[in-house]
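Chemist: Chains as they are written, first to last, in numbering that gives the first Met the number 0: chain X, 0 to 333; chain E, 0 to 333; chain B, 0 to 333.
Simulated from the structure, these hints should not be mistaken for laboratory data.
One or more of the hints may lead you astray.
[What the hints assert, rightly or not] Computed, partial: chain X to chain E, Cβ under 10 Å:
#1 HIS154
#2 ILE192
#3 GLN231
#4 ILE292
#5 LEU323
[Said to hold, decoys possible] DSS-like mimics (lysine-lysine), calculated; alpha carbons at most 27 Å apart, straight line:
#6 LYS329/X with LYS44/E
#7 LYS325/E with LYS333/B
#8 LYS239/X with LYS275/X
#9 LYS275/B with LYS239/B
#10 LYS242/B with LYS333/E
#11 LYS242/X with LYS275/X
#12 LYS329/B with LYS275/B
#13 LYS94/E with LYS44/E
#14 LYS44/B with LYS275/E
#15 LYS333/E with LYS44/B
#16 LYS94/B with LYS44/B
#17 LYS325/E with LYS275/B
#18 LYS325/X with LYS275/B
#19 LYS325/X with LYS275/X
Don't be surprised by glycine CBs; every beta carbon is placed ideally from N, CA and C.
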Amino acid sequence: MKLCELAQRLALSWEGSADLEVHRLASLRNAGPGDLSFAVSAQHKQALIDTHATAVLVPPALADSAPCPTLICDSPYLAYASASWVLHPDPALVKPGIAATASVHADARVHESAAIGEFAVIDREAVVEAHAVIGAHCTVGAESRVGAHTALMPHVVVAHGCVLGEHCRVQSGAVIGSEGFGFAPSANGWQAIHQIGGVRVGSRVHIGANTTIDRGAMDDTEIADGVILDNQIQIAHNVKIGKNTAIAGCVGIAGSTVVGSSCQIGGACNIVGHLKITDGVVLNAASTITQSITEPGRYGSAVPLMPVSRWRRAYIAFSQLDGLMKRVRKLEQK
Amino acid sequence: MKLCELAQRLALSWEGSADLEVHRLASLRNAGPGDLSFAVSAQHKQALIDTHATAVLVPPALADSAPCPTLICDSPYLAYASASWVLHPDPALVKPGIAATASVHADARVHESAAIGEFAVIDREAVVEAHAVIGAHCTVGAESRVGAHTALMPHVVVAHGCVLGEHCRVQSGAVIGSEGFGFAPSANGWQAIHQIGGVRVGSRVHIGANTTIDRGAMDDTEIADGVILDNQIQIAHNVKIGKNTAIAGCVGIAGSTVVGSSCQIGGACNIVGHLKITDGVVLNAASTITQSITEPGRYGSAVPLMPVSRWRRAYIAFSQLDGLMKRVRKLEQK
Amino acid sequence: MKLCELAQRLALSWEGSADLEVHRLASLRNAGPGDLSFAVSAQHKQALIDTHATAVLVPPALADSAPCPTLICDSPYLAYASASWVLHPDPALVKPGIAATASVHADARVHESAAIGEFAVIDREAVVEAHAVIGAHCTVGAESRVGAHTALMPHVVVAHGCVLGEHCRVQSGAVIGSEGFGFAPSANGWQAIHQIGGVRVGSRVHIGANTTIDRGAMDDTEIADGVILDNQIQIAHNVKIGKNTAIAGCVGIAGSTVVGSSCQIGGACNIVGHLKITDGVVLNAASTITQSITEPGRYGSAVPLMPVSRWRRAYIAFSQLDGLMKRVRKLEQK
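Looking at chain X on its own, in the form it has when it is part of the complex:
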């Protein structure tokens, strides 16, 4: 693709010869002829000077440091994100049509521009909207709906009665609409509570590989527009996640907790049930959240890693912390 054409597609101005062609993205260090790269800030200045890229995305302040034609942009990282889709074809965009081996229920409705992969199952009264892509081995349950331009990678399960909006992307192994962990104690052990709610996923939602989202117990579990969920996340029944919140891998959110919009939850955080996390909360990785958070801001709870000999002593000290508080109080009283 000619640089001038790419600039037009990204709505950017350029400097240098716009007739050069770029074919793929590469980092400043690895780029060679035909590659487009990007420099975000002054931190990358030396790498920019040394790059062999054919062209680079740069902020205005770095334009003069580039040894090659440049596309000028306020946010080179965002421009790189856009360019990645222009230069590299989306592997999920396959030919419309239903694979010969797929099983589509007579009462399902699949748009003619949608693509249904091999061995996929589209159940009774399920709806697959325009340009949606259902990967190989996916299951779309009865009365569920996959919105326009939404792509399910191979091996995704959407259970019955769940809704996904438009332009979502769901990675392999994700399960949407599993039956949550609702049980009543009885004299004969745990009595399961039938989970009769569904899952409602908004538009432009990313759901990572092997992430699970339970259906609601009575009302729906809800994931708002623009939420991005990494891999191996567990969202329990009746959780609500607000608009544009980002959640990193291995996070668990227990039942009925409400997470606000524009939050950023670090990897491996664990949030217990029935809490309310307000908008704009940022949680450091591996935090444990046992109480509602009413103020936006950044929070953490992880303890430091230590060489094991020191850690053993800290471990013992921690188990005596309570006594230590008392001893200091006694010393102060003297």
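We have chain X already, so just place chains E and B on it with the hints.
Modeler: Same frame as chain X, now just chains E and B:
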């Protein structure tokens, strides 16, 4: 369903007009005409007074506060659990028979009342008992057995030589009988140990979405009757879980650990290998367990979440805890 | 199998009647006639004396304590690992050939000695090498490659453009090559970054059930030869794991982190992104790693489990740690 009929099915007495019909469950606040709701305790009294439900499940003490007919029960939550299955059909209960696209080995045995879903694979000498349901894309390995009335949701893997009891329910993406993490160090790296045990799952066991249960190294991994496992749990080889123990999401239990009966393990707990957790232990969410627990009771290890500026200081203080102990001892000696 | 034949296969010397036959492995305590068992150290001496095994693998020092014929070996545990494959047939080793229900693209290349299971999908220009086994319901994406003697258990997803070396073993539910968590913030929310790298997995790599390995953002994610990954691990984009490193279950490693060779990472550890962990690092279970580790050795960060009444006081004390430090300083100044 008429209220009197429901009362009969749940073995409850009622007050008010028993000819009214209820069709579905709803919470006190969301309920409208045709809805059955429930109030558990005095905490729900005002919502009960205000409800528009057609009928409610209530304890005797709350019967007079209801503005509608009541079903009187000692445990409304348990009655609600039972009612959920009566009022809402179980989506897993599909028509008996083998889907045309399923692959059932000539030497497998599938009961005529069982249902085998699309593209399911039932391997050599596998047994599927009466009224069992095998969802789409499931695999039941050679010489494995799925007990009567057990339901596997779509995309469950039961490897070879594993046994599931009766009335179990296994959510999508669960893997039962994967090869555990057994390796011997050698001069050429890690030498895998062939995992020749199986998995034995009792009856009335719930296994959550994307939960993994490894087969035993030599003997079997064992999950007793009535155990309920949430999503994304990892059970390593030769673990044993006792009767009616409940384990919340994202828990990991390492090899050969034995968990007693009637335990409750909070979400994201991590239990190292070769431990023994006695009966009746309750673990707070996100606890780390590195030693055996010999006394029943509740335990925890999580540290508090703090705004990041305070957390940074606590983090540093924690890394100096050992020294702090010594300094206090010195002060005391003066 | 006759003991002498087994000894030959394992290149071990023996004592006692080598004409006896052993058929399977069992622990010292459970072993009976026809069983081979093993004793690793003096710790097992009494169990060895009491065993009913037909033969045992023992170190020279324990040979005289065995009540049965022995195979003498420097490392009985390693010999047991080897014997496990000799005595018990590998269930993954199925007959070569392509299942009638599998879907193999016309432009894929499957070696005639490879086995492709039921409903497996081998996509365009994918390559499956000699003696590789692709389980039921697996997907091997376009232009991906599965090396010789590598076995994928049922329900494994290998996305497009990924490479697995030889003699690997991948457990059910694993996803290799999912699109990682790369997004640029924009005025309209998160803009996805197309993940154009792949995953390169070396030889003799074990990948556990429901483990996920994201493809690289631009360059590849890399898992070196001999790495063993347990279940439910999350490896983010552009992570590199060095040779023979072992990672236990439920670990999360965030983007671009580089883990050295011969490391041992305990279960449920969480490693944030862009770190460098040097060779030979051992991490205790449930550690949180937020900074690079430059020195080999053992590290930990877990806090002790306590009965909940004591834990509550420690929890409060922890949240006052910073103040406590100051108070002690003040006392010292007096």
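Chemist: For every hint, state whether the structure bears it out.
Modeler: Right, here's what the structure says about each hint:
The closest approach between the C-beta of HIS154/X and any C-beta of chain E is roughly 7 Å, which is under the 10 Å cut-off, so the hint is satisfied. For ILE192/X, the shortest C-beta to C-beta distance to chain E is roughly 4 Å, which falls under 10 Å, so the interface hint holds. For GLN231/X, the shortest C-beta to C-beta distance to chain E is roughly 7 Å, which falls under 10 Å, so the interface hint holds. The beta carbon of ILE292/X is positioned within 10 Å of a beta carbon in chain E (closest approach about 8 Å), and the interface hint is therefore held.
The criterion of a C-beta within 10 Å of any C-beta in chain E is met by LEU323/X, whose closest approach is roughly 6 Å, and the hint holds. Restraint check for LYS329/X and LYS44/E: the C-alpha separation of about 48 Å exceeds 27 Å, so the hint is violated. Between LYS325/E and LYS333/B, the direct Cα distance comes to roughly 17 Å. Compliance with the 27 Å bound is thereby established for this hinted pair. Our distance criterion of 27 Å between C-alpha atoms is met by LYS239/X and LYS275/X, whose separation comes to about 10 Å.
At most 27 Å may separate the alpha-carbon atoms for a hinted pair to count; LYS275/B and LYS239/B meet this at roughly 10 Å. For the proposed pair LYS242/B and LYS333/E, the alpha carbon gap of about 54 Å is over 27 Å, so the pair is violated. Proximity of LYS242/X to LYS275/X is assessed by CA-CA distance (about 15 Å); at most 27 Å being required, the pair is judged to hold. Between the alpha carbons of LYS329/B and LYS275/B the distance comes to roughly 39 Å, so the proposed pair goes past 27 Å and is violated.
Under the criterion of a C-alpha separation no larger than 27 Å, the hint pairing LYS94/E with LYS44/E is inconsistent with the structure, at around 43 Å. At most 27 Å may separate the alpha-carbon atoms for a hinted pair to count; LYS44/B and LYS275/E meet this at roughly 23 Å. Note on LYS333/E and LYS44/B: the hinted pairing is violated, with a Cα-Cα distance of about 53 Å set against a maximum of 27 Å. Taking the CA atoms of LYS94/B and LYS44/B, the gap is about 42 Å. The hint is violated against a cut of 27 Å.
Taking the CA atoms of LYS325/E and LYS275/B, the gap is about 33 Å. The hint is violated against a cut of 27 Å. Using a Cα cut-off of 27 Å, the hinted pair LYS325/X and LYS275/B is violated, with the two alpha carbons roughly 41 Å apart. Among the hinted pairs, LYS325/X with LYS275/X is inconsistent with the structure: their alpha-carbon atoms are about 34 Å apart, more than 27 Å.
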